[in-house]
Each structure stands twice: as structure tokens, then as C-alpha cells.
Amino acid sequence: MFLVLANCVLSDAIFCSISLILFTQYLWMYYKPTFSNIVFQALLIGAAFVIRYTAIYYPIVSVFAILLAGYKWPLKLIGMVLPWLLIFPFIWYTQQETKKLTGTAEFSVFGGWQIANNALYMYGSIDVDSTKLPAGTLELDREARAFWKKTPPTADDLAELPGTFFIKVPTAILKPYLSKHGWANLPGAPGGFQAWGSVSPIYNAYGKWLIQHYPLEFARHYMWLNVKNYFIPHLEKFGSYNIGMREVWDPAKIWFNMKSNQITLIPSIQFQGYIFFIFPLFFMALNIFFAGCVIFFLTEVVYTF
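According to the working numbering, the sequence shown holds residues 1 to 305 in order.
Please note: incorrect hints may appear among the correct ones.
To be verified - Pairwise CB distance ranges (calculated):
1) Leu-43 with Lys-149: 45 to 55 Å
2) Phe-35 with Asn-229: 15 to 25 Å
3) Thr-154 with Phe-90: 39 to 49 Å
4) His-234 with Leu-43: 29 to 39 Å
5) Lys-259 with Leu-68: 46 to 56 Å
6) Met-223 with Lys-168: 15 to 25 Å
7) Pro-233 with Leu-77: 34 to 44 Å
8) Leu-68 with Phe-90: 48 to 58 Å
9) Val-63 with Phe-231: 17 to 27 Å
10) Tyr-274 with Leu-10: 41 to 51 Å
11) Lys-99 with Trp-73: 13 to 23 Å
12) Ile-56 with Pro-233: 25 to 35 Å
13) Glu-236 with Ala-135: 28 to 38 Å
14) Phe-256 with Leu-77: 43 to 53 Å
Said to hold, decoys possible - Result set (BS3-like, lysine-lysine): computed pairs, CA atoms no more than 27 Å apart in a straight line:
15) Lys-180 with Lys-208
16) Lys-150 with Lys-175
17) Lys-175 with Lys-100
18) Lys-100 with Lys-208
19) Lys-180 with Lys-150
20) Lys-208 with Lys-132
21) Lys-149 with Lys-208
22) Lys-150 with Lys-208
23) Lys-208 with Lys-168
24) Lys-99 with Lys-180
25) Lys-175 with Lys-99
26) Lys-180 with Lys-168
27) Lys-100 with Lys-180
Hints in this document: simulated from the structure, not taken from any laboratory. Backbone N, C-alpha and C define an ideal beta-carbon position, used for all residues, glycine too.
Could you put the whole structure together from the sequences, leaning on the hints where they help?
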């Protein structure tokens, strides 16, 4: 799978590599609790967070690893704090740079899109009181109401793009609203970032309001759906080579030093999906195995003490 990931312009391969090194570092901390190991795990967490914001959870995992290791309490506290000393400055810096472009100090403009997307999964099962919506979100709610009334997505539609339907589908509320209300004064990719960032605060406020006022519906229609998707994940880009397209965009051509934009799909578009069809079940088995190892390790530690 790493070989296939390396054939894409993605951060996944290096992020997974750092994550694996970090996990082995936890083992070293348990086996040899030295100060250098404490510092190294903090540097790894900082590097992982710069690459993928998913690493925001790593300092929490690190707390458990440090508590299990044989450090004295002063070093334990240092190890718990060090990752945040790297993460918080990066968050602040990113927020200030985003504010220069979009006018709003956001850490991730994609965050607002994701929160609104998550909340919209339950919209067909709730009755929103538009008089109580946050300021500036009424027009977005009208778009959502009209979409669910005219073209409500089926379960199969949502399953095709697990967890990201309202972000990726061009006609599904968020992108039509972007076309009407987004703004940008820069060309190219910076302009696209500006446009996405200009509507992100509205999406963020709207999504959070829906989730806070309808938590049970959100748990049922989005969280439970994604629990299943996590244990038996969708193949996504692994399902077909180059998403089924027979050419790549210019940035990919330059990145891979290709002579043309045309690519050859050998032997077919679907062949990659045939190779990886077993991976969702394999991933589920790995999760069960990992959970069993964690339980075994923790019970062994308890009995040792």
C-alpha cells in the first residue's frame, strides 16, 4: 500500500512513517526512559502535526505512554508539555497567515467545511427553527432546506463518498453557496484558498449550531456511520487508478517529470480495486488485533505492579 501511496502527491506516506516511528519511540521510552527519548517523541509529534492535523490527538496518546514509562514525575510533566510547546506556536502562526488572506484567524479553513458537512448528514431528519440560527447562516440554511426537499441523497449516494458527501458533490449545498457568496482577489490556488476561507466561518458557525442543538440525531446519522466506515473503510482512491482518468493535471506532470499528461491504465481502470478489495477487512482485523494487544499490555502492567 505504501508503494501505491508513493505514486500519489500525498502526505499520507510520510505521515504514516512518522506515526510508526513515534509508536516505536513509545516502546523505547518504556524500555529505556531517558530524557533524549522524551525530547525525540515531542519532535516527532511536532513534525507529524505540521504534516497532518490529525496528529492533534498524539499528545493525548503520549500522556498514556509517558505515564506507563518509568520516568520520575518532573520528567513525566516535561514530556507531556513539550509537544504542545511545538504545536501551539504553529497553530498561532497559521491562524495569522490565514487572517492575512481571508480576514479571519482560522487554523484550518477546511475545518469549517468539514463541520458543516458532518452536520448536514442529519438535516433530513431534523426540523430546524430558522429564527434561532446564528447570525449570517440563514441563507445557508435555505440552501440546505431546498436541497433536501428537491434532491435528498439516498443511503447509496452517501455511501459512495463516506463522510465527505457535502464537500465533494458540486450540487450539494456547500459548493453552490461558495459560488454565490465566496470571494477572492488573488489568482490561481491562493484565490481558491481565499474563496474557501471566506465562507468557512459561516460553515463553522452553522455546523456547530446544528450539532449542539441536535446531538442525538448527529450521533445517529454521522458518528455511527463513520464508526462503521472506520472499521470497514471505503477504498476511495485505491478503488481505481488515478480516479479513472486517463490524464493527469499539469502539477502532477511536473512533479513526476512526465513527458505528457497522458497515462496508461494497466490492465484496466478497475484493476487496482481488484488488488485492494481485501484491505477493508484486513484493516478491520488489524484494529481488532491492535485493541487486543493494548488490552493484553495494560493488564500485564497492572499485574506486574
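Hints broken by the structure, by number, lowest first?
Hint check: 2, 8, 10, 11 and 12 fail, others pass.
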